[in-house]
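Student: Read off the chains here:
Protein chains: 2
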Amino acid sequence: MVKEIKELTPKSVSSSRWYNDLVIKADLAENSAVRGCMVIKPYGYAIWEKIQRQLDEMFKETGHVNAYFPLFIPKSFLNREASHIEGFAKECAIVTHYRLKNDPIGKGIIVDSEAKLEEELIIRPTSESIIWNTYKKWIHSYRDLPILINQWANVVRWEMRTRLFLRTAEFLWQEGHTAHTSKEEAIEETLKILDIYANFVEQYMAIPVTKGVKTPCERFAGATDTYCIETLMQDGKALQAGTSHFLGQNFAKAFDVQFLNKKGKREYVWATSWGVSTRLMGALIMMHSDDNGLVLPPKLAPCQIVIIPVSKDRTSLEDINEKATNIINDFKNLDINVKYDNTDNKKPGWKFAEYELKGIPIRLTLGTRDLENGTIEVSRRDTLTKETISINNITDYANNLLNDIQQNIYQKALDYRSANTVYVDNYDEFKERIEEGGFIMAHWDGTAKTEEQIKKETKATIRCIPLNGDITPGIDMLTGMPSKQRVIFARAY
Amino acid sequence: MVKEIKELTPKSVSSSRWYNDLVIKADLAENSAVRGCMVIKPYGYAIWEKIQRQLDEMFKETGHVNAYFPLFIPKSFLNREASHIEGFAKECAIVTHYRLKNDPIGKGIIVDSEAKLEEELIIRPTSESIIWNTYKKWIHSYRDLPILINQWANVVRWEMRTRLFLRTAEFLWQEGHTAHTSKEEAIEETLKILDIYANFVEQYMAIPVTKGVKTPCERFAGATDTYCIETLMQDGKALQAGTSHFLGQNFAKAFDVQFLNKKGKREYVWATSWGVSTRLMGALIMMHSDDNGLVLPPKLAPCQIVIIPVSKDRTSLEDINEKATNIINDFKNLDINVKYDNTDNKKPGWKFAEYELKGIPIRLTLGTRDLENGTIEVSRRDTLTKETISINNITDYANNLLNDIQQNIYQKALDYRSANTVYVDNYDEFKERIEEGGFIMAHWDGTAKTEEQIKKETKATIRCIPLNGDITPGIDMLTGMPSKQRVIFARAY
Numbered sequence: 001m002v003k004e005i006k007e008l009t010p011k012s013v014s015s016s017r018w019y020n021d022l023v024i025k026a027d028l029a030e031n032s033a034v035r036g037c038m039v040i041k042p043y044g045y046a047i048w049e050k051i052q053r054q055l056d057e058m059f060k061e062t063g064h065v066n067a068y069f070p071l072f073i074p075k076s077f078l079n080r081e082a083s084h085i086e087g088f089a090k091e092c093a094i095v096t097h098y099r100l101k102n103d104p105i106g107k108g109i110i111v112d113s114e115a116k117l118e119e120e121l122i123i124r125p126t127s128e129s130i131i132w133n134t135y136k137k138w139i140h141s142y143r144d145l146p147i148l149i150n151q152w153a154n155v156v157r158w159e160m161r162t163r164l165f166l167r168t169a170e171f172l173w174q175e176g177h178t179a180h181t182s183k184e185e186a187i188e189e190t191l192k193i194l195d196i197y198a199n200f201v202e203q204y205m206a207i208p209v210t211k212g213v214k215t216p217c218e219r220f221a222g223a224t225d226t227y228c229i230e231t232l233m234q235d236g237k238a239l240q241a242g243t244s245h246f247l248g249q250n251f252a253k254a255f256d257v258q259f260l261n262k263k264g265k266r267e268y269v270w271a272t273s274w275g276v277s278t279r280l281m282g283a284l285i286m287m288h289s290d291d292n293g294l295v296l297p298p299k300l301a302p303c304q305i306v307i308i309p310v311s312k313d314r315t316s317l318e319d320i321n322e323k324a325t326n327i328i329n330d331f332k333n334l335d336i337n338v339k340y341d342n343t344d345n346k347k348p349g350w351k352f353a354e355y356e357l358k359g360i361p362i363r364l365t366l367g368t369r370d371l372e373n374g375t376i377e378v379s380r381r382d383t384l385t386k387e388t389i390s391i392n393n394i395t396d397y398a399n400n401l402l403n404d405i406q407q408n409i410y411q412k413a414l415d416y417r418s419a420n421t422v423y424v425d426n427y428d429e430f431k432e433r434i435e436e437g438g439f440i441m442a443h444w445d446g447t448a449k450t451e452e453q454i455k456k457e458t459k460a461t462i463r464c465i466p467l468n469g470d471i472t473p474g475i476d477m478l479t480g481m482p483s484k485q486r487v488i489f490a491r492a493y
Numbered sequence: 001m002v003k004e005i006k007e008l009t010p011k012s013v014s015s016s017r018w019y020n021d022l023v024i025k026a027d028l029a030e031n032s033a034v035r036g037c038m039v040i041k042p043y044g045y046a047i048w049e050k051i052q053r054q055l056d057e058m059f060k061e062t063g064h065v066n067a068y069f070p071l072f073i074p075k076s077f078l079n080r081e082a083s084h085i086e087g088f089a090k091e092c093a094i095v096t097h098y099r100l101k102n103d104p105i106g107k108g109i110i111v112d113s114e115a116k117l118e119e120e121l122i123i124r125p126t127s128e129s130i131i132w133n134t135y136k137k138w139i140h141s142y143r144d145l146p147i148l149i150n151q152w153a154n155v156v157r158w159e160m161r162t163r164l165f166l167r168t169a170e171f172l173w174q175e176g177h178t179a180h181t182s183k184e185e186a187i188e189e190t191l192k193i194l195d196i197y198a199n200f201v202e203q204y205m206a207i208p209v210t211k212g213v214k215t216p217c218e219r220f221a222g223a224t225d226t227y228c229i230e231t232l233m234q235d236g237k238a239l240q241a242g243t244s245h246f247l248g249q250n251f252a253k254a255f256d257v258q259f260l261n262k263k264g265k266r267e268y269v270w271a272t273s274w275g276v277s278t279r280l281m282g283a284l285i286m287m288h289s290d291d292n293g294l295v296l297p298p299k300l301a302p303c304q305i306v307i308i309p310v311s312k313d314r315t316s317l318e319d320i321n322e323k324a325t326n327i328i329n330d331f332k333n334l335d336i337n338v339k340y341d342n343t344d345n346k347k348p349g350w351k352f353a354e355y356e357l358k359g360i361p362i363r364l365t366l367g368t369r370d371l372e373n374g375t376i377e378v379s380r381r382d383t384l385t386k387e388t389i390s391i392n393n394i395t396d397y398a399n400n401l402l403n404d405i406q407q408n409i410y411q412k413a414l415d416y417r418s419a420n421t422v423y424v425d426n427y428d429e430f431k432e433r434i435e436e437g438g439f440i441m442a443h444w445d446g447t448a449k450t451e452e453q454i455k456k457e458t459k460a461t462i463r464c465i466p467l468n469g470d471i472t473p474g475i476d477m478l479t480g481m482p483s484k485q486r487v488i489f490a491r492a493y
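First to last, the sequence lines map onto chains V and Z. Be aware that the first sequence starts at 1, since it is given in full-length UniProt numbering, and climbs by one per residue. Be aware that the second sequence starts at 1, since it is given in full-length UniProt numbering, and climbs by one per residue.
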């Protein structure tokens, strides 16, 4: 019964069913009654809150402040920046009316056709347009700059094929929108944020990233340059984990936002925007987990250690409870989130499976015999290994182990990526290799035409042109034309 | 110039213009390009974040967890609970389409009529319906209960007359939605939350509240009982600061949510819902502030102390900077948010006015002469008084002063409410007194008819039937019919 309910489709059978099972059975999220929209359940949301807190702290440490802009964008605003509307028009939720009424000829409720908006409102798919319309009022002189604002919000893109966390019609995210006096400063900001994203994803989510710049085809609609961090999932598919856009003066021009520079001359303002979303949850879940369930990096686990008593009888349980209380206090003093599960309506075996499914990094088992021997059993979620140690050392031991687990799963992900990154110089080989997944480092002639052809023929896209990578020139594998450096190709989420 | 920009319409001239000026000039919020929707500016949002953090902590301490449900509610869901749809149908934003396209006969962009939703989606005005539709899947047995979930989200109610923070089409809030096995437990939860709200508003916002229950006319659409906390603003108008609803089995019945009780019998689930919103910001701003600007309670002030150097020359400024650095570190060790403003492009007088406008609780001025004398000038924002003290005691002194200010503004608000609460037994007197504002404690016969007539004739509503108040029976001032206890009448925001 337990097995049946909690068991996941093995990854080897179907990584897509495995992922879906995992999200549902680990109580992270589920589909809602509204097409493409998810319910983020408390356990999933607790992880998202940890992600939010940490990123928010990093943004604030670098001088950013939060604010909140409207959910609605007047239709005409989207239209102001040509490529922006092009990118978002086909997938947006449109508010046309503001009142319901009783159907005079039925017994249902209908839209009141008299309550039609003069101008339709779009639910924000991203907020550049409404924000730059606002910045116009805020920016007059160089003294008003820079503006370094972030917003935590929900956005809607009417995606047709959705997957929990990875692609949903409504999702949660943060979107930064900054305004600067110079191109250099705006680019510096774009890259500063890219570094924050990269550090966060590597150090907290334990996922190695490649920083790069997108090709024009893959650029954000309205950006001059889109920088990104790309990750490689366990199934060999790439996942874009965050983007930071240098917007040039595009939105300043679209919304006529100028400032008086120090020389008293009017100039258009330079801009950036950047965001990460609940999609990160998808990456986090997919990257480290296994057929037993979720594996969470200790730094983002809402519960880091679970202690489970295994007692022969009532008296023994009381002794264990007492011992556990001391350990729990020690952990709490170290700011470790610990849970003691001495509920008696579930067997230890059920609990073991449950906490494995939930990805608690460390499980401590305290049995009657342990009390006699002064020991405790320590199980690691990442390696599924167990050992019995002296109970006197448990606090330090477990604290160090949390760090080890954080390092270990990062290293594992890094090794996986190394093992699945190949250099390919021949298009036939490319077409074969792409079937196996992974990052393919190949030369590209820099044209949209070649990029499109490869995409059409292989479903692989250029994930990014890596920054700080190998810049040896070469020959495009398809056209034989010169290439400045290898780029990363992959099939992607 | 400074005066002109920063000066507020005096409260005595127009409290409504004063409020609006204050919100705008203190950089808290402004109207957006979308009718009825506001932009919450960084300073306003920083205060909201402090409110959120504290409430969130209080919810979590009492066993609640956060989750996230969809922004959209299928039209038919709203219709399931009869009084619920009645309450919200007239003011909701309705999504009817999901795609834009280029106008084939023009050069603009239009709604693609082929992309019409089969069922319209309502932007959540509140989430009972989508949440109870979800709970149906989660709740089977008493073991699945209670569910204690809160959500931080944006909601939309298409209000016709809006005011920044107090009444906006889109606003931010938290909404708790809990599910219980028994009526008693649900009522206990409703009142537990009411206490949390009351404690928060009194202890953090420094605003005295009256806890009470709403009359049937003023009840939340779908509730069995609505409990509330009512506050009295400085202009004599009442403001409802939060509500906690006992929903009975109304939503469980509407969405057919039953559980198997311990005896193996199926029962409908008992529910509560409760919320506070960015409206609290309106109360906070209005309650304590004056013609010089905002007055913030220290516990919610993003910046609690500002230090301003007043130096004769460059050398002296360096000495002051050094001294200030030490003080700042001492404050930081006490977790006090302190700002040192030694920018040289603004005169001290400008800074004084600016930080008064922003409501920083304490201003410290450190001048050249202070350095010589070992003193520092301390100015309180709440009383606008100044004194010069020994610089050696400044940390403890200021720390205590923050507590004093918190207490003082609460006491001032409490005194104001006491002075503006009157007992009235005669309807003619009532009609006169209501013009002066304040709470009027009067007897009411308990009928909707009387309540309506009084509202129509005087614009006063029954704010609540106070809990724990005077329960002496009496005679309705209008009808002469028996009354169980006095209720609070007031004109309200």
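Derived from the structure by calculation, the hints contain no laboratory data. Warning: the hint list may mix true and false statements.
[Said to hold, decoys possible] So, partial list: chain V residues that the calculated Cβ filter (under 8 Å) puts toward chain Z:
#	residue
1	V39
2	E49
3	R53
4	F69
5	P70
6	L71
7	A93
8	Y98
9	W158
10	R161
11	C217
12	E218
13	G248
We put the beta carbon where it would ideally sit given N, CA and C, even for glycine.
Student: Quick check on the hint: C217(V) CB to chain Z CB, less than 8 Å?
Tutor: Hint on C217(V): violated, closest Cβ of chain Z at ~21 Å, above 8 Å.
Student: Is the interface hint for E49(V) satisfied, with its Cβ closer than 8 Å to some Cβ of chain Z?
Tutor: This interface hint holds because 7 Å falls under the 8 Å limit.
Student: With chain Z as the partner, please determine if F69(V) meets the hint condition of a C-beta pair closer than 8 Å.
Tutor: At 5 Å from the nearest chain Z Cβ, F69(V) passes the 8 Å test, so the hint holds.
Student: Once the shortest beta carbon distance from A93(V) to chain Z is found, is it less than 8 Å?
Tutor: Holds - the Cβ of A93(V) comes within 8 Å of chain Z, reaching about 5 Å at its closest.
Student: How about L71(V): closest beta carbon in chain Z under 8 Å, or not?
Tutor: This interface hint holds because 5 Å falls under the 8 Å limit.
Student: Do the numbers back the hint for E218(V), that is, is its least Cβ distance to chain Z under 8 Å?
Tutor: 22 Å, violated
Student: Should the interface hint for P70(V) be scored as holding, given a Cβ-Cβ cut-off of 8 Å against chain Z?
Tutor: Holds, about 4 Å.
Student: Verify the interface restraint on V39(V): the C-beta must sit less than 8 Å from at least one C-beta of chain Z.
Tutor: 5 Å, holds
Student: Any CB of chain Z closer than 8 Å to the CB of W158(V)?
Tutor: Constraint on W158(V) satisfied, holds at 4 Å.
Student: Per the CB criterion, is G248(V) less than 8 Å away from chain Z?
Tutor: Since chain Z brings no Cβ nearer than about 23 Å to G248(V), farther than 8 Å, the hint is violated.
Student: Using Cβ atoms only, decide whether R53(V) comes closer than 8 Å to chain Z, and label the hint accordingly.
Tutor: Interface hint status for R53(V): violated (10 Å vs cutoff 8 Å).
Student: How about Y98(V): closest beta carbon in chain Z under 8 Å, or not?
Tutor: 4 Å, holds
Checked against the numbered hints above, the structure breaks hints 3, 10, 11, 12 and 13 and satisfies the rest.
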